[in-house]
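Top to bottom, those sequences are chains A and B. Start counting the first sequence at 1; every next residue gets the next number (the working numbering). Start counting the second sequence at 188; every next residue gets the next number (the working numbering).
It cannot be assumed that every hint is accurate.
[Stated by the list, open to error] The following residues of chain B were derived to be distant from chain A, with all beta-carbon distances above 10 Å:
| id | residue |
| --- | --- |
| 1 | 189 |
| 2 | 218 |
| 3 | 241 |
| 4 | 289 |
| 5 | 390 |
| 6 | 440 |
| 7 | 453 |
| 8 | 454 |
| 9 | 457 |
[Claimed, not checked] FRET-style restraints, in silico, Cβ to Cβ:
| id | chain 1 | residue 1 | chain 2 | residue 2 | range |
| --- | --- | --- | --- | --- | --- |
| 10 | B | 306 | A | 186 | 22 to 28 Å |
| 11 | A | 10 | B | 306 | 35 to 41 Å |
| 12 | B | 302 | A | 100 | 31 to 37 Å |
| 13 | B | 320 | A | 60 | 49 to 55 Å |
| 14 | B | 365 | A | 13 | 36 to 42 Å |
| 15 | A | 10 | B | 190 | 43 to 49 Å |
| 16 | A | 186 | B | 257 | 37 to 43 Å |
It should be emphasised that the hints constitute simulated quantities derived from the structure, not laboratory data. Owing to the predicted nature of the structure, the values given are computational and were not obtained by experimental measurement. Quick reminder that beta carbons are idealized off the backbone N, C-alpha and C, glycines included.
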Amino acid sequence: MTNEYPFSNEVGDMLYATHDNPITNCLQCGTCSGSCPAVEFMDHSPRKMIGMIRANMKEEVLASNTYWSCASCYQCTVRCPAGIDIAELMYALKRYSMWKDQYKSGLIGPAFSESFIKMIVNSGRSYEPILAASYLPKFSTFDIVQEAITASELVFSGKMNLFPKKIKRIKNLQNVIRRIVPIGELS
Amino acid sequence: MKEYAYYPGCSLESLGKNYHISTLEVGSRLGVEFKELEDWNCCGATAYFPVDELLAYTLSARNLAIAEKAGLNDFVAPCSACFKNAYTTNKYLKADPDLAEHINYALEQDNLHVSGNMKVHHLIEIFVEDVGLETIQNSVTNPLSNLKVAPYYGCQLVRPRKQDEDVENPRYFEDLLTALGAEPVEFESKSRCCGGSLIITNRHAALDMVEKLLQDAVNSQAEIIATTCPMCNVNLEVYQRQVNRVFGTNYSIPIVYFTQLMGSALGCEPKSLGINKDVIPNAIERSLVKVD
Chain A
1 MTNEYPFSNE VGDMLYATHD NPITNCLQCG TCSGSCPAVE FMDHSPRKMI GMIRANMKEE
61 VLASNTYWSC ASCYQCTVRC PAGIDIAELM YALKRYSMWK DQYKSGLIGP AFSESFIKMI
121 VNSGRSYEPI LAASYLPKFS TFDIVQEAIT ASELVFSGKM NLFPKKIKRI KNLQNVIRRI
181 VPIGELS
Chain B
188 MKEYAYYPGC SLESLGKNYH ISTLEVGSRL GVEFKELEDW NCCGATAYFP VDELLAYTLS
248 ARNLAIAEKA GLNDFVAPCS ACFKNAYTTN KYLKADPDLA EHINYALEQD NLHVSGNMKV
308 HHLIEIFVED VGLETIQNSV TNPLSNLKVA PYYGCQLVRP RKQDEDVENP RYFEDLLTAL
368 GAEPVEFESK SRCCGGSLII TNRHAALDMV EKLLQDAVNS QAEIIATTCP MCNVNLEVYQ
428 RQVNRVFGTN YSIPIVYFTQ LMGSALGCEP KSLGINKDVI PNAIERSLVK VD
């Protein structure tokens with residue numbers, strides 16, 4: 001137990017570009033939670049999450065919906081008096097939970113991100129109807145009906161493209177990606 | 188005529204087509220050339236970062252590298268998410284030689300190289316800073332007199348902080364609207380988040396966030412909301428009726444891109460701006476009723 005690598009370091013290790021993110025400097029002032037537009041939909045506030053990370057409460061942190069409820073609006077980041085980039089910290093937790101395949105059940109975020117990446121690997125551009133397949137199965141019946149109404153309004157208004165786009169040098173793009181992450185052979 | 192490397196981003200090919208059309212139209216009126224990048228790829232918005240950080244920066248770096256190859260120094264994105272990703276990627280490429288080396292090794296596969304010396308701008312900055320408010324004001328032929336507009340900055344245009352700009356109370360959008368003859372209202376929620384991709388991953392939270400924005404726009408007497416991002420526009424416009432169905436509200440606030448207001452004031456045809464010809468006149472009429 002004494003030699004265990006602290007969870008705050010593990011999270012810090014998930015931050016490559018913003019590696020100076022001083023998570024352990026948190027004052028617990030609560031400016032982040034007070035600024036967060038999604039806080040009422042989170043299991044724990046951002047302030048509490050940072051406290052939990054520092055207290056090594058890894059399981060409880062990963063089991064919460066908090067980091068997957070972050071919209072990346074950076075309101076907390078620009079206001080933090082301790083200079084912590086909290087929105088990037090939430091991204092680090094998302095990556096950690098994807099890597100460990102350990103997150104609260106019923107969340108749409110992980111599957112959405114995964115299908116988004118697959119779509120880019122296959123075509124280079126994003127296209128809404130392909131993404132819909134990743135989240136609609138997890139929606140309630142009510143939400144599916146709402147989404148169907150909205151989608152049909154879009155199609156009739158001519159705003160929705162009926163065919164996905166693909167970039168010309170998709171093979172090159174796939175080879176670029178292969179030098180960063182393993183994606184295997186593609187047809 | 189100054190040339191810009193124009194990166195439309197995926198949204199401007201579909202749900203945000205009107206933003207694309209009006210940007211090009213207004214650009215040509217003001218003598219700005221937007222040269223679309225060849226074979227650009229999706230910037231990933233907020234969806235790459237939860238999977239792999241290096242991949243996210245690499246995919247944005249490819250677009251910067253294409254601009255560099257075309258011999259251009261200024262990179263412009265009309266979408267706030269694309270802008271934020273391009274901006275931060277460029278910044279980290281410059282600050283971190285190890286990151287740049289890693290990414291350039293990958294980009295060799297597409298015969299590209301990135302230096303991190305690009306100047307990355309959001310579209311609205313081109314008009315406010317490069318073209319200038321005075322030039323814009325002098326080009327106005329159809330001032331938007333009396334039109335009460337809520338200037339909606341959204342998040343990623345303003346945050347994270349880029350240099351030393353005012354992130355709590357920016358004013359340049361208001362100044363632009365004033366130059367067009369319109370009346371910007373004091374919109375307290377102007378840089379409060381629209382929910383972004385939570386509209387898909389946490390529908391309940393996002394609709395609540397959209398509802399609060401619409402409510403605040405009504406409270407601030409706005410008759411129209413102007414946006415600077417296709418994601419904000421979609422959340423506020425397309426999901427406005429869902430908000431009404433879910434919350435039992437009755438909002439019917441037109442949402443337009445700031446470029447559509449610019450084009451309208453510059454005398455462009457509504458069709459060339461992708462806007463219904465009645466939207467702005469009707470909003471002006473409603474604004475006038477309120478004055479009386």
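Could you let me know if the closest chain A CB is still more than 10 Å away from the CB of residue 440 of chain B? Check passes; 16 Å lies beyond 10 Å.
Against chain A, does residue 218 of chain B hold up as non-interface, every C-beta pair farther apart than 10 Å? holds (29 Å)
Note whether the CB distance of residue 306 of chain B and residue 186 of chain A lies within 22 to 28 Å or breaks it. Given range 22 to 28 Å: violated, Cβ gap about 35 Å.
Would residue 454 of chain B pass as off the interface with chain A, using Cβ distances and a cut of 10 Å? holds (25 Å)
Using the beta carbons of residue 10 of chain A and residue 306 of chain B, state whether their distance is inside 35 to 41 Å or not. holds (37 Å)
Quick check for students: does the CB of residue 241 of chain B sit more than 10 Å from each CB in chain A? violated (5 Å)
In terms of Cβ atoms, is chain A entirely out of 10 Å range of residue 453 of chain B? Answer for residue 453 of chain B: holds, closest chain A Cβ roughly 24 Å.
Please test the hint of 49 to 55 Å on the beta carbon pair from residue 320 of chain B and residue 60 of chain A. holds (52 Å)
Per the hint of 37 to 43 Å, is the separation of the Cβ atoms of residue 186 of chain A and residue 257 of chain B within bounds? Violated: the Cβ-Cβ distance is about 28 Å, outside 37 to 43 Å.
For residue 457 of chain B, is the shortest CB-to-CB distance to chain A above 10 Å, so the non-interface label stands? holds (15 Å)
Range hint compliance [Cβ, residue 10 of chain A to residue 190 of chain B, 43 to 49 Å]: Taking Cβ atoms as reference, residue 10 of chain A and residue 190 of chain B lie about 46 Å apart, which means the hint holds.
Minimum Cβ separation between residue 289 of chain B and chain A greater than 10 Å? Residue 289 of chain B not clear of chain A: closest Cβ-Cβ about 8 Å, inside 10 Å.
Hint violations for this structure: numbers 3, 4, 5, 10, 14 and 16, all remaining hints satisfied.
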